[in-house]
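**Q** Using the hints, position chain B against chain A.
2 protein chains.
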Amino acid sequence: MSKKLKIGLFGFGCVGQGLYHVLNNSTGFKADIAKIAVKNKTKPRIVGKELITYDKWEILNNPEIDVVVELIDDAEEAFHIVSEALKKGKHVVTANKKLLATHLEELYRLQQENNVSLLYEASACGSIPIIRSLEEYFDNEELEKVSGIFNGTTNYILTKTIAEKLSYANALKQAQDKGFAESDPTNDVEGFDAKFKAVIIALHAFGLIIKQEEVLNIGITTLHENDIKYASEKGYKIKLTPIIQRLDDDKVSVFVAPRFIKEHNHLYNVDNEFNGVIVEGKFSGEQFLQGRGAGSYPTGAAVLSDISALSHGYKYEFKKYAQKHAPTFTNDVVIEAYFRYNNNDDLKQIIFDEISEKYTSKDYHYVVGKVNLTHLIANRDYILKNNLFISLVDEKVSLAKEESKKTVFKKELVSY
Amino acid sequence: MSKKLKIGLFGFGCVGQGLYHVLNNSTGFKADIAKIAVKNKTKPRIVGKELITYDKWEILNNPEIDVVVELIDDAEEAFHIVSEALKKGKHVVTANKKLLATHLEELYRLQQENNVSLLYEASACGSIPIIRSLEEYFDNEELEKVSGIFNGTTNYILTKTIAEKLSYANALKQAQDKGFAESDPTNDVEGFDAKFKAVIIALHAFGLIIKQEEVLNIGITTLHENDIKYASEKGYKIKLTPIIQRLDDDKVSVFVAPRFIKEHNHLYNVDNEFNGVIVEGKFSGEQFLQGRGAGSYPTGAAVLSDISALSHGYKYEFKKYAQKHAPTFTNDVVIEAYFRYNNNDDLKQIIFDEISEKYTSKDYHYVVGKVNLTHLIANRDYILKNNLFISLVDEKVSLAKEESKKTVFKKELVSY
Chain A
1 MSKKLKIGLF GFGCVGQGLY HVLNNSTGFK ADIAKIAVKN KTKPRIVGKE
51 LITYDKWEIL NNPEIDVVVE LIDDAEEAFH IVSEALKKGK HVVTANKKLL
101 ATHLEELYRL QQENNVSLLY EASACGSIPI IRSLEEYFDN EELEKVSGIF
151 NGTTNYILTK TIAEKLSYAN ALKQAQDKGF AESDPTNDVE GFDAKFKAVI
201 IALHAFGLII KQEEVLNIGI TTLHENDIKY ASEKGYKIKL TPIIQRLDDD
251 KVSVFVAPRF IKEHNHLYNV DNEFNGVIVE GKFSGEQFLQ GRGAGSYPTG
301 AAVLSDISAL SHGYKYEFKK YAQKHAPTFT NDVVIEAYFR YNNNDDLKQI
351 IFDEISEKYT SKDYHYVVGK VNLTHLIANR DYILKNNLFI SLVDEKVSLA
401 KEESKKTVFK KELVSY
Chain B
1 MSKKLKIGLF GFGCVGQGLY HVLNNSTGFK ADIAKIAVKN KTKPRIVGKE
51 LITYDKWEIL NNPEIDVVVE LIDDAEEAFH IVSEALKKGK HVVTANKKLL
101 ATHLEELYRL QQENNVSLLY EASACGSIPI IRSLEEYFDN EELEKVSGIF
151 NGTTNYILTK TIAEKLSYAN ALKQAQDKGF AESDPTNDVE GFDAKFKAVI
201 IALHAFGLII KQEEVLNIGI TTLHENDIKY ASEKGYKIKL TPIIQRLDDD
251 KVSVFVAPRF IKEHNHLYNV DNEFNGVIVE GKFSGEQFLQ GRGAGSYPTG
301 AAVLSDISAL SHGYKYEFKK YAQKHAPTFT NDVVIEAYFR YNNNDDLKQI
351 IFDEISEKYT SKDYHYVVGK VNLTHLIANR DYILKNNLFI SLVDEKVSLA
401 KEESKKTVFK KELVSY
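Heads up: the sequence lines are chains A and B, in that order. Those letters in the first sequence? Residues 1 to 416, by this note's numbering. Those letters in the second sequence? Residues 1 to 416, by this note's numbering.
Extracted from the complex, chain A is given alone in its bound form (with noise of 0.2 Å):
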């Protein structure tokens, strides 16, 4: 029932090399590697001179090779790759998050136009199978919200700063000495790593197609003991979280920001590198996945979950896409959050409503309120540099408009 496959591999580092273990380590199934394609001719490589080419073309117009396997960094080169071997009739796995993330449409017209698969089960959650159980499980279920911890490298530096009280600073040392961050974390320490995540996942879970520009990412760079002290103290723990969340109206919100953590969410337990995904369905409640969120030999074993489907057919439907009826997406929504900030000019640019608490201090102080999504994309350049922080304090999202009409009525109830 099964067909062999004869794959063309890209890229040979950590997830092509562990993805090659796992194959020939896999019992009942086998998939012949028949050509690798790197870019480095000078460094030592673990497999014979003859599975090794440096031109992409003699992967791409190899006849014989069904299917691609891209595993390179470079997001552009990797969208060029995988673009020529869609059109060339090839079926494609990756795991490159950001190349999904940028090019999402493109990437799914091209492997509708020419009726080829693109799998990338490996591109969120590392081992984790979200997008297979949303595609084929939740795929007939109103989803109310998928959120969780998607980004291992930045769940193991705030790990560390809570249970070691290491400073950002160490953890984030130690995280790159144990290979868990790169030597440049940028992508993952600012949010972007996950929000490409839940931009794929917003596709699958809600059949949304969305900009990955237009979503906020606020990351962990500008954490300070402080901010720790503060979760501490109060139990919680803080986590990177996206949300996609479904709203009133048919509008979805898609962000990524810290948030405090309270002791009974399934993701208190998510610690050190690995990720928790909860999706909330309207008939069958909270789903909650943990996994590994990284790794070679996860990562390869999620690869060649995909590879081992392409052998059966199988193809993502994108249902929810398909169904026409997909919500749209907004980001103008109001969110509960701590706002650590160094003086008045701060508060006065970034404007919080409804403040909760307010703490002042000589060198420490915060408020907790409501601020708008788009106020804060508006100003997450000055957040940044002025090295504010900010943390989710509740999971509730709210449509800007909700939260006015509750204000108006106030000022009447005041009023009267």
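Any given hint could turn out to be false.
Since copy identity is lost for identical chains, a pair holds within one copy or between any two.
[As the list claims (entries may be wrong)] Derived PhoX-like pairs: lysine-lysine, alpha-carbon spacing no greater than 25 Å straight-line:
(1) K324 x K6
(2) K362 x K385
(3) K251 x K362
(4) K160 x K262
Keep in mind the hints are simulated off the structure, nothing from the lab.
**A** Below, chain B without anything else, positioned relative to chain A:
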């Protein structure tokens, strides 16, 4: 791409009505329920009379009905209905774990011979997509272990005994009042339900068809307040956990027993009626899935997910079973357990080795040590009849011959 299905439904109780509700409230997917076969002629129904029939043949002999959804209680009558439906070329969706666990081999054969699809995601762990994940995601990976909490009723009872210090009897009564436990709770509290699910999961995780009669299930009916106190003092919770464990020599052990769970285990926070499953893969590491284990809508949603899969031509491939190098089932293993007994006769009857703890007082005696599973199987009735309680203190399962080697080695050491 997808086909509109005509459904013949058997049973219109809790899950049947849940399915009806979920089906009528799902966007973008319509399958028609053409007929509902029920037994009780006097019970009022929430659907029009024209949909109801009391004659199973009105569904089974109707060539327009392409899917039978079987949701009745009686496993033997269900087997008759499902077999007939498969033989008549109809696809079948069922949530009946007893039916499946008791007739797994015949049902596997029938759906192969008649080239139809038999799906049963709702049979194991409610709304957790465990079978689909094993079939489609872990299909090529060698798994080390699958364990978890598969039964919501016992988990509800056990949660209440620990959290609210209720006695077993009171907790059971509360579960019955809340509708989680049936008036005859034997299947749940004696661990049969969890065992049926373990048997189904063993097929998809390890390619193993086991006779459910050969699998040990020790339940929680003999739980005493002393056992609860012992666990609480040590900071453990007690959970009823099926364990499906790969061992050396291509052997797999399967059994269900109470277990003391420490705080850092994933299952520690799976409380009340929730279920949790831990899948340990050779490469993907530990995956954890949690969701609602029971209930009308979650189970209805799981059934609907199978119906939707059918509309896209989905069929389990039983890849691990088909690979033909499935491991073999064994009960000749040693586990480490806590054993509360009444008198020395009990200790002579149930033989524990390598006793690491022993406690006796006027009315409470226990040992902690090692015991062979075959020995517990032979003495299951004795344990139940004499109100003795057994709980795993460790989740490690070892082949008996490994243990005996160890003992010999130890003796040699001693003799020098």
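**Q** All the hints need checking, so say for each whether the structure fits it.
**A** Outcome of the hint check:
no.	hint	in the structure
1	K324 x K6	between (36 Å within a copy, 24 Å between copies)
2	K362 x K385	within (21 Å within a copy, 71 Å between copies)
3	K251 x K362	neither (42 Å within a copy, 66 Å between copies)
4	K160 x K262	both (17 Å within a copy, 22 Å between copies)
Violated hint: 3 only; the structure is consistent with all others.
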